[in-house]
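Engineer: Next come the chains, spelled out residue by residue.
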Amino acid sequence: MIRFILIQNRAGKTRLAKWYMQFDDDEKQKLIEEVHAVVTVRDAKHTNFVEFRNFKIIYRRYAGLYFCICVDVNDNNLAYLEAIHNFVEVLNEYFHNVCELDLVFNFYKVYTVVDEMFLAGEIRETSQTKARGQPSSPSLSRP
Amino acid sequence: MVTMEVLRTCSDGQIKRRRPGAVAHICIPSTLGVSCDCTTALYKEAEIKRINKELANIRSKFKGDKALDGYSKKKYVCKLLFIFLLGHDIDFGHMEAVNLLSSNKYTEKQIGYLFISVLVNSNSELIRLINNAIKNDLASRNPTFMCLALHCIANVGSREMGEAFAADIPRILVAGDSMDSVKQSAALCLLRLYKASPDLVPMGEWTARVVHLLNDQHMGVVTAAVSLITCLCKKNPDDFKTCISLAVSRLSRIVSSASTDLQDYTYYFVPAPWLSVKLLRLLQSYPPPEDAAVKGRLVECLETVLNKAQEPPKSKKVQHSNAKNAILFETISLIIHYDSEPNLLVRACNQLGQFLQHRETNLRYLALESMCTLASSEFSHEAVKTHIDTVINALKTERDVSVRQRAADLLYAMCDRSNAKQIVSEMLRYLETADYAIREEIVLKVAILAEKYAVDYSWYVDTILNLIRIAGDYVSEEVWYRVLQIVTNRDDVQGYAAKTVFEALQAPACHENMVKVGGYILGEFGNLIAGDPRSSPPVQFSLLHSKFHLCSVATRALLLSTYIKFINLFPETKATIQGVLRAGSQLRNADVELQQRAVEYLTLSSVASTDVLATVLEEMPPFPERESSILAKLKRKKGPGAASALDDGRRDPSSNDINGGVEPTPSTVSTPSPSADLLGLRAAPPPAAPPASAGAGNLLVDVFDGPAAQPSLGPTPEEAFLRFVCKNNGVLFENQLLQIGVKSEFRQNLGRMYLFYGNKTSVQFQNFSPTVVHPGDLQTHILSAPPALRSQVDGGAQVQQVLNIECLRDFLTPPLLSVRFRYGGAPQALTLKLPVTINKFFQPTEMAAQDFFQRWKQLSLPQQEAQKIFKANHPMDAEVTKAKLLGFGSALLDNVDPNPENFVGAGIIQTKALQVGCLLRLEPNAQAQMYRLTLRTSKEPVSRHLCELLAQQF
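These protein sequences, in sequence, are chains D and R.
The opening residue of the first sequence carries number 53 in the working numbering; numbering runs sequentially from there.
The opening residue of the second sequence carries number 380 in the working numbering; numbering runs sequentially from there.
Just so you know, these hints were derived from the structure itself, not from any lab.
The model shown is predicted, which means the values in this text are computed figures rather than measured ones.
Possibly wrong hints are sitting among the right ones.
[To be verified] Straight-line alpha carbon distances no greater than 30 angstroms define the calculated DSSO-like cross-link-like pairs of lysine-lysine that follow:
1) R:454 / R:484
2) R:620 / R:1318
3) D:97 / R:764
4) D:97 / R:695
5) R:574 / D:82
6) D:80 / R:428
7) R:574 / D:80
8) D:97 / R:696
9) D:70 / R:432
10) R:423 / D:80
11) D:70 / R:454
12) R:1261 / R:1122
Can you build the whole structure from these sequences, using the hints too?
Structural biologist: So this is what it looks like as structure tokens:
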């Protein structure tokens, strides 16, 4: 089961945080900092998996952004690694060449896409067209 | 296709974080009307100022006379949300957000729900309004709105929401007219509520229909439903058993489909990889299918996956191979889980072997990890061993420390007698350059392997001394204690050990742990090498003493003991050592312990005669054998799950003797027992002892033809025995002649029991001989019996006997104590059950509610559970019950059972051979004056036995 999803940039700024477990605010901040510290020191030759407390982090770096999913230790590493990529492809289509600013300005759309693809800590939808198409209702324009 | 370059980085304004919060430091987008006009200098103030202005603006809009239209309301709520995500507290706007929920516009509703999900608090007023809005949306029949509402419930997952909607969601999930996307959301929403509060989600007729969602046309629905079923079936395996065949046929259809059949659900030419993984995972909740046809079909699937791994890739992209291998690894997990198909196990192993040399680090890592579990299967152990060179190479050359760590794990798992020397020497070599993070673990592993597979104990001693030399800082106490124990217990290695430590100590710089080991061993066995002039007593002493001043207090204290032992071993060193002890630096040492030792040893050496010295400073007796303390440490380090994988007892029957070949040697016990009977206990019970089965296992008070036959006083012996189930001290037996008291203590699988025999008469008992018989598997050593037990107990006197007890494996019948003596010429005999019951070896375990339920579900086979419903024999007092349960040995867990009246406990029964996890639940019913007791353990007889024992306590 997914415990949380984090998108951070290289400087450690959080672009998305989605929690599937109860944490209080201080704990969340601690986790964010720890994940950043653990992930950024690794180079491209390293695996995409890191042990993290009693869980593990599956992460992938896209340009300056780290997409991290924290899952249980016996979960399937490669499945979650590709789930990240699938998610990124959906965002990319959705925003037509997504960039970090898209995630900042359109945070509410990102949350919607996340909910389409992951719910209750599990993978909900893997079809890219369905994940993109769902919030199709009246154009998702800026408020 | 997205690749690295698609996501461009953006440089944004640096804003300092103030509140540790969700999303910090985001530059304020002008699109929201909050423009970021701050520059590097006055960020903080500027931002706060800007935000406060904006907040004031929004507040005035919300409070204004003019009613806001939906669009403006959404705009301002969204701004608030953004400000919150920046890390600022928001204390208003909740009401407006809740208002948005009832809007008919998707965008407005969505912002409302997002606000609730991110900023929810159990504000009573609002929760009712929110629940109301959700209720309306769930009833709206608009799938988009229903999904929004379901996602909100799943994201918040609070108990209040559970109470409000747990009943509706199963209905929505299985309703024929629900849209696919709604079903998907409902399934996972239900999963969340079930995990948060399982009591709110009762199983019902919907469960059968949920299983059939595995057949659904829509792959997304199946994807969501499998997760739900996997969770539910852990608790109710029987209710969901039909899911096996459905999952197999679904899997079979996916695996055999062409790469384009599944359209959207094909990912880089791999059909439905995530769904396949989930299905394979679901199957791991069950044993292999019983139905031959289903099983055949499944094996076919597994073979297809293995075959596909050999086919040339359909794409060069890493996504393709990752998706394919995700399925492959899950397939291998399932094969290992079944552990019954030798052919598949070996194929899996060969496949992993190929990955060991793959250029993708991820694959090498996963292959090592997966092979580690394969190594513990008897079918594939040999196949795994063929890869030893590759794994050793990985240990030496991998760049990623986590990969090296997996390689070390695998080497440990594949080690057996045939390759132990090679593996240990490679690990030792690796240790010299190993990362600090994993040194301690490697040290423990080396120490365990060296001990476990030592054929030749000089090799073992060499290995451990090497360990100390290479990584002295990481050699914990457990490791060097262990080497001392083994050397003490094995006289064939003592001379070698003395020689080796002596040589090791000659190094100019040696680790303090080496000094400790050297000090101890030379103090005990230095005499064995004293014949050689190069290691004559004075040389040994000056060598040790040259290290003395560089050592910590604890080591110095140990060395002082070595010195006094030297005085006994080598009288010629006495003068020198007394000189050292007498020195002001010792006698007036600031450390109390050192000072005391110096003073006492000095006095002892000058006052005591040689005989007394020889007795006091005699060689240490062998240590009682028990589970290796270092293995226990490794288990603690790795957590219980990992330990079982490491503790590969099942493949090598001879590895039960974790302590190597070190057999307990009772014949060399330094204080020999006075009676031959006491020593011969384990081999053959004295023939005179009554058969254990007599009297249906009840206590036997068998008084032979005695004119002085006396009934017992006080509680009947059976009652007395039962009383000891929950306590350790008290009177076990009393009649007019004799009183037997018991004091006992238990730790892990070891126990010590003091038996006090009191002669209540004024006449001496003759030929008094208490013996212990054990019909079960309880190993009892009687280590010491006081001289008074020789044969007479004077009138009014009390004698004491000490029993050391070790529990080898689980047992049902307690050992028997048979006491025979002559009183006034008449022979007396009685046999009592010794109060040693399996629950004495309980180790309480604390766990959170979630863990408890998870384990409870894991132990759901009918034979693992024992249940008893019985009438209360004593007043039902919660405090008394609590005390009894604690005395019984389990931990009491609060806040686990939703009903506070009930008691829930957990513990592990420690035996030498195995550990038995044990969960219990006691439900008192005060009205009916009844209890219901349920026990679940991993072993059937243990569940029943514990249940019976405990049921008699209330």
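Engineer: So if I understand the rule, the pair passes when the alpha-carbon distance is 30 angstroms or less; does residue 70 of chain D with residue 454 of chain R pass?
Structural biologist: 23 angstroms, holds
Engineer: Straight-line Cα separation of residue 423 of chain R and residue 80 of chain D no greater than 30 angstroms?
Structural biologist: 22 angstroms, holds
Engineer: Can the restraint linking residue 454 of chain R and residue 484 of chain R be considered satisfied, given a maximum Cα separation of 30 angstroms?
Structural biologist: It holds: about 13 angstroms lies between the C-alpha atoms, which stays within 30 angstroms.
Engineer: Compare the distance between the alpha carbons of residue 97 of chain D and residue 695 of chain R with 30 angstroms, and conclude whether the hinted pair is satisfied.
Structural biologist: Between residue 97 of chain D and residue 695 of chain R the Cα gap is close to 19 angstroms, so the pair holds against 30 angstroms.
Engineer: Holds or violated: are the alpha carbons of residue 574 of chain R and residue 82 of chain D at most 30 angstroms from each other?
Structural biologist: Roughly 25 angstroms between the alpha carbons, so the hint for residue 574 of chain R and residue 82 of chain D holds.
Engineer: Next pair to validate is residue 80 of chain D with residue 428 of chain R; report whether the Cα-Cα distance is within 30 angstroms.
Structural biologist: Since the Cα atoms of residue 80 of chain D and residue 428 of chain R sit roughly 26 angstroms apart, the hinted pair holds (cutoff 30 angstroms).
Engineer: Holds or violated: residue 97 of chain D and residue 764 of chain R, Cα atoms, limit 30 angstroms.
Structural biologist: It holds: about 27 angstroms lies between the C-alpha atoms, which stays within 30 angstroms.
Engineer: Straight-line Cα separation of residue 574 of chain R and residue 80 of chain D no greater than 30 angstroms?
Structural biologist: Given pair residue 574 of chain R, residue 80 of chain D holds - Cα atoms ~21 angstroms apart, limit 30 angstroms.
Engineer: For residue 1261 of chain R and residue 1122 of chain R, compute the direct alpha-carbon distance and say whether it is at most 30 angstroms.
Structural biologist: Answer holds: residue 1261 of chain R to residue 1122 of chain R is near 22 angstroms, not above 30 angstroms.
Engineer: Please work out if residue 70 of chain D and residue 432 of chain R have their alpha carbons no farther apart than 30 angstroms.
Structural biologist: 29 angstroms, holds
Engineer: Under the criterion that the straight-line Cα-Cα distance not exceed 30 angstroms, is the pair residue 97 of chain D, residue 696 of chain R satisfied?
Structural biologist: Since the Cα atoms of residue 97 of chain D and residue 696 of chain R sit roughly 17 angstroms apart, the hinted pair holds (cutoff 30 angstroms).
Engineer: Does residue 1318 of chain R lie within 30 angstroms of residue 620 of chain R when you go C-alpha to C-alpha?
Structural biologist: Holds, at about 23 angstroms.
Hint check: no violations occur; every hint is consistent with the structure.
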